[in-house]
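Undergrad: One-letter residues, chain by chain:
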Amino acid sequence: MPPTFADRLLADLEARGLLPPAQAAALAAYERQRPFSLHYELRALLYLGITLLSGGLGVLIYQNIERIGHGVVVAGIAALMAACLAYAARHRPAFTWGVAPSPGLLPEYLLLLGCLLFLVLEGYLQAQYQLFGTRFGLAAALPTALFFGIAYGFDHRGVLSMAVTALASWVGVSIAPLAAYAQNDYATLSGPAAVLGLGLGGLGLWSDLTNHKRHFAFAYLSLGGNLALVALTAALFLGPAQTGVPRWVALPVLLATCAGLAWYARRTQSYLFLLMGAVFGYVAFSYLCFEVLGFIDGVALGLLYFPLTAAGVVVFLVNMKRILRIVPRR
Amino acid sequence: MRLQAYNPAWALHAAVRAAATRWQRQGLLVDGQHAAIDAAYPLDCYQPAWLLRAVLFFFTVLGCAAAAAFCALPLLNSSYSDAGLTAWLLLLAAGFLLVLELIITSSRPYHAGYDNAILYAAVLALLGLGVQAQLAVGGAGTLAGPRLAPFLLYGIAVLGAATVRYADLLAAALVFAAALALAANLALQTAAGPALLPFVAMLFAAGAAAVVHRLARGPHYFYYRTCRQTVKALALATFYLGGNYLVVREGNAALSHLPFAPQIPFAPLFYALTALIPLAYLYYGLRRHDRLVLIMGLLAVAFSVFTLRYYRALLPPAVAAALAGALLLAVAAAALRYLGTPRHGLTAAADDEAVPLFNLESLVVAQYNVPGQVPAAGFQFGGGDSGGGGATGQF
Numbered sequence: 001m002p003p004t005f006a007d008r009l010l011a012d013l014e015a016r017g018l019l020p021p022a023q024a025a026a027l028a029a030y031e032r033q034r035p036f037s038l039h040y041e042l043r044a045l046l047y048l049g050i051t052l053l054s055g056g057l058g059v060l061i062y063q064n065i066e067r068i069g070h071g072v073v074v075a076g077i078a079a080l081m082a083a084c085l086a087y088a089a090r091h092r093p094a095f096t097w098g099v100a101p102s103p104g105l106l107p108e109y110l111l112l113l114g115c116l117l118f119l120v121l122e123g124y125l126q127a128q129y130q131l132f133g134t135r136f137g138l139a140a141a142l143p144t145a146l147f148f149g150i151a152y153g154f155d156h157r158g159v160l161s162m163a164v165t166a167l168a169s170w171v172g173v174s175i176a177p178l179a180a181y182a183q184n185d186y187a188t189l190s191g192p193a194a195v196l197g198l199g200l201g202g203l204g205l206w207s208d209l210t211n212h213k214r215h216f217a218f219a220y221l222s223l224g225g226n227l228a229l230v231a232l233t234a235a236l237f238l239g240p241a242q243t244g245v246p247r248w249v250a251l252p253v254l255l256a257t258c259a260g261l262a263w264y265a266r267r268t269q270s271y272l273f274l275l276m277g278a279v280f281g282y283v284a285f286s287y288l289c290f291e292v293l294g295f296i297d298g299v300a301l302g303l304l305y306f307p308l309t310a311a312g313v314v315v316f317l318v319n320m321k322r323i324l325r326i327v328p329r330r
Numbered sequence: 001m002r003l004q005a006y007n008p009a010w011a012l013h014a015a016v017r018a019a020a021t022r023w024q025r026q027g028l029l030v031d032g033q034h035a036a037i038d039a040a041y042p043l044d045c046y047q048p049a050w051l052l053r054a055v056l057f058f059f060t061v062l063g064c065a066a067a068a069a070f071c072a073l074p075l076l077n078s079s080y081s082d083a084g085l086t087a088w089l090l091l092l093a094a095g096f097l098l099v100l101e102l103i104i105t106s107s108r109p110y111h112a113g114y115d116n117a118i119l120y121a122a123v124l125a126l127l128g129l130g131v132q133a134q135l136a137v138g139g140a141g142t143l144a145g146p147r148l149a150p151f152l153l154y155g156i157a158v159l160g161a162a163t164v165r166y167a168d169l170l171a172a173a174l175v176f177a178a179a180l181a182l183a184a185n186l187a188l189q190t191a192a193g194p195a196l197l198p199f200v201a202m203l204f205a206a207g208a209a210a211v212v213h214r215l216a217r218g219p220h221y222f223y224y225r226t227c228r229q230t231v232k233a234l235a236l237a238t239f240y241l242g243g244n245y246l247v248v249r250e251g252n253a254a255l256s257h258l259p260f261a262p263q264i265p266f267a268p269l270f271y272a273l274t275a276l277i278p279l280a281y282l283y284y285g286l287r288r289h290d291r292l293v294l295i296m297g298l299l300a301v302a303f304s305v306f307t308l309r310y311y312r313a314l315l316p317p318a319v320a321a322a323l324a325g326a327l328l329l330a331v332a333a334a335a336l337r338y339l340g341t342p343r344h345g346l347t348a349a350a351d352d353e354a355v356p357l358f359n360l361e362s363l364v365v366a367q368y369n370v371p372g373q374v375p376a377a378g379f380q381f382g383g384g385d386s387g388g389g390g391a392t393g394q395f
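Each protein sequence line maps, in turn, to chains A and B.
Sequential numbering of the first sequence, starting at 1, is according to full-length UniProt numbering.
Sequential numbering of the second sequence, starting at 1, is according to full-length UniProt numbering.
Calculated directly from the structure, the hints in this document are not laboratory data.
Watch out, some of these pointers could steer you wrong.
Stated by the list, open to error - Cross-link-like lysine to any residue pairs, in silico, SDA-like; alpha carbons within 20 angstroms at most: (1) A:321 - B:104; (2) A:321 - B:66; (3) A:321 - B:45; (4) A:321 - B:329; (5) A:321 - B:50; (6) A:321 - A:266; (7) A:321 - B:262; (8) A:321 - B:27; (9) A:321 - B:25; (10) A:321 - B:51.
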């Protein structure tokens with residue numbers, strides 16, 4: 001049998017005199033007898049089982065709705081939601097502006113499930129009974145208020161993301177990281193989306209700087225920053241005729257947002273915000289060079305611009321630890 | 001000059017440091033040993049987090065594409081010529097390789113995204129030369145045709161050289177794929193080829209696995225570890241799919257250009273292979289503590305279930321999903337409970353080697369749990385889906 005991975009490591013360490021032979025032998029025995037972890041595999045199977053079961057049951061209920069009746073389904077969802085929220089409420093940690101101690105995995109999951117069931121229930125009531133009629137604002141404001149209250153009261157970041165999403169849908173935009181690119185009609189929504197994004201970013205900064213739920217800042221800044229950057233970039237390219245946002249507003253605000261994200265990235269030593277700032281900053285800078293200043297003319301010069309600036313971005317990103325004095329979080 | 005472009009010590013040093021951190025956490029090292037190991041195994045290469053690697057890769061691809069287009073201007077803008085195209089591809093390949101070597105020696109990236117991108121650009125240019133030569137003799141033809149083999153051999157040579165020098169896993173995977181295509185091509189040129197193709201694929205996969213196993217004894221164990229794992233995963237998949245009833249039956253029909261897929265010869269043999277290979281993978285993976293084999297076994301089980309349902313659907317989909325889900329839930333929950341205390345060398349507890357990728361929890365929740373959709377004209381509630389729980393277990 002060829003030597004295993006651990007055997008090779010230990011042999012090298014022993015050969016360099018960094019481990020005494022007895023300790024190396026003990027470590028080798030430990031590595032051989034260490035149980036094999038099925039943690040992620042079993043959890044994956046568990047989630048797959050839950051998904052299949054709930055999906056299958058959902059389709060079965062849908063197929064037999066005439067026999068079951070809508071009232072029973074609504075009552076079932078409501079009872080399940082109430083049970084989840086009641087269980088979570090029983091394990092609620094005391095309120096603090098800092099990080100509350102975790103009540104455990106189960107109450108946290110059930111709180112999230114309860115909030116999801118609230119949305120299901122609300123959607124069901126609207127689809128079946130037109131509970132809100134055409135007052136869509138109310139339909140979005142209700143979960144917004146509820147989820148913000150739960151997120152702060154129960155100190156739950158997952159519910160906070162749902163609250164931010166509900167708030168965005170109240171304004172009329174999708175804020176989910178990928179949907180922010182694909183689903184929004186920026187011809188009409190650039191302005192509101194940018195204001196919402198910047199507002200959320202500001203809220204995140206306030207949380208962080210004044211230490212009010214500092215651990216919520218990441219969700220606010222990542223979701224809000226992403227939305228603001230996408231909306232401002234769209235405003236830049238679509239122009240004021242469509243979006244109503246003048247370019248002389250969009251471009252400086254976009255560049256300032258990128259700079260702000262880079263500053264925040266340096267403060268919190270986070271790669272994500274720096275990358276957001278760098279990527280959108282590059283787009284804005286290229287726009288500035290081509291459209292506003294117009295000094296790049298001709299195909300050859302244009303083709304030279306991209307290799308040179310792309311190389312510039314790569315050099316910046318590779319050396320950003322030194323440039324911004326960032327120590328990456330391990 | 002060394003055969004390996006990157007310092008082969010980096011892979012060893014990274015592995016030792018990770019193991020030492022784990023031993024330290026479990027209290028298996030005495031005071032000062034961890035620091036001494038870290039000092040003796042320095043890691044002076046650059047390999048950032050995966051997100052940054054992806055961005056670096058993207059920008060380098062952009063730069064390489066624009067640079068290639070810029071170089072094409074003087075060579076190709078007057079009129080197209082074969083010699084001009086060859087010169088352009090050669091220039092690109094040589095230029096990218098030179099830049100890659102210079103960057104590796106100067107800024108010491110180690111599969112950091114941008115070095116991968118430059119390597120792929122150079123390999124693409126070299127493969128482009130092969131495509132040009134192939135087009136000159138009338139194209140590659142079909143998988144069964146005699147003209148494909150030289151091109152595949154050329155591709156294996158280029159990609160093999162890239163694998164040996166840069167230990168790139170995509171190049172290694174493509175070597176495997178090209179060699180498999182070559183084996184199929186040679187088999188299909190014989191009279192019994194189509195009937196024997198499944199066995200050729202399985203034999204090839206077994207051979208590739210044996211080669212990988214053999215290479216693990218040689219030097220540079222750590223440098224090529226990810227490449228070996230990649231080829232091993234592909235060999236396991238090929239071995240299973242080569243014996244899978246659905247793949248063989250539908251593949252046979254596709255190769256013979258039949259409008260429907262008739263029953264195949266040796267059908268019972270393929271039933272048995274479809275059922276038994278996944279179980280064998282699972283058994284081996286659990287027994288030998290080999291996560292790669294275990295995961296391939298789980299995927300193979302899923303595909304075998306799909307194969308069975310494709311030809312013999314025993315229950316309506318909703319009932320089958322609900323029953324299977326309930327069964328899976330029960331089995332997984334029972335296994336989690338049973339293995340709460342380690343038994344038979346297995347445990348349900350987290351292996352502390354597994355570090356969460358990134359704090360993406362809030363983004364993932366926001367992405368997959370869309371509450372009210374954006375109100376639009378004629379908007380109705382109830383159309384959207386709420387997705388899965390989306391939680392990662394990392395609260």
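Undergrad: All hints are to be evaluated individually against the structure, with a verdict given for each.
TA: Here is how each hint holds up against the structure:
1. A:321 - B:104: Holds, at about 19 angstroms.
2. A:321 - B:66: Not satisfied, since the Cα-Cα distance of roughly 27 angstroms exceeds 20 angstroms.
3. A:321 - B:45: holds, 14 angstroms
4. A:321 - B:329: violated, 46 angstroms
5. A:321 - B:50: holds, 16 angstroms
6. A:321 - A:266: holds, 9 angstroms
7. A:321 - B:262: violated, 62 angstroms
8. A:321 - B:27: violated, 32 angstroms
9. A:321 - B:25: Violated, at roughly 27 angstroms.
10. A:321 - B:51: holds, 15 angstroms
When held up to the earlier numbered hints, the structure conflicts with 2, 4, 7, 8, 9 and fits the remainder.
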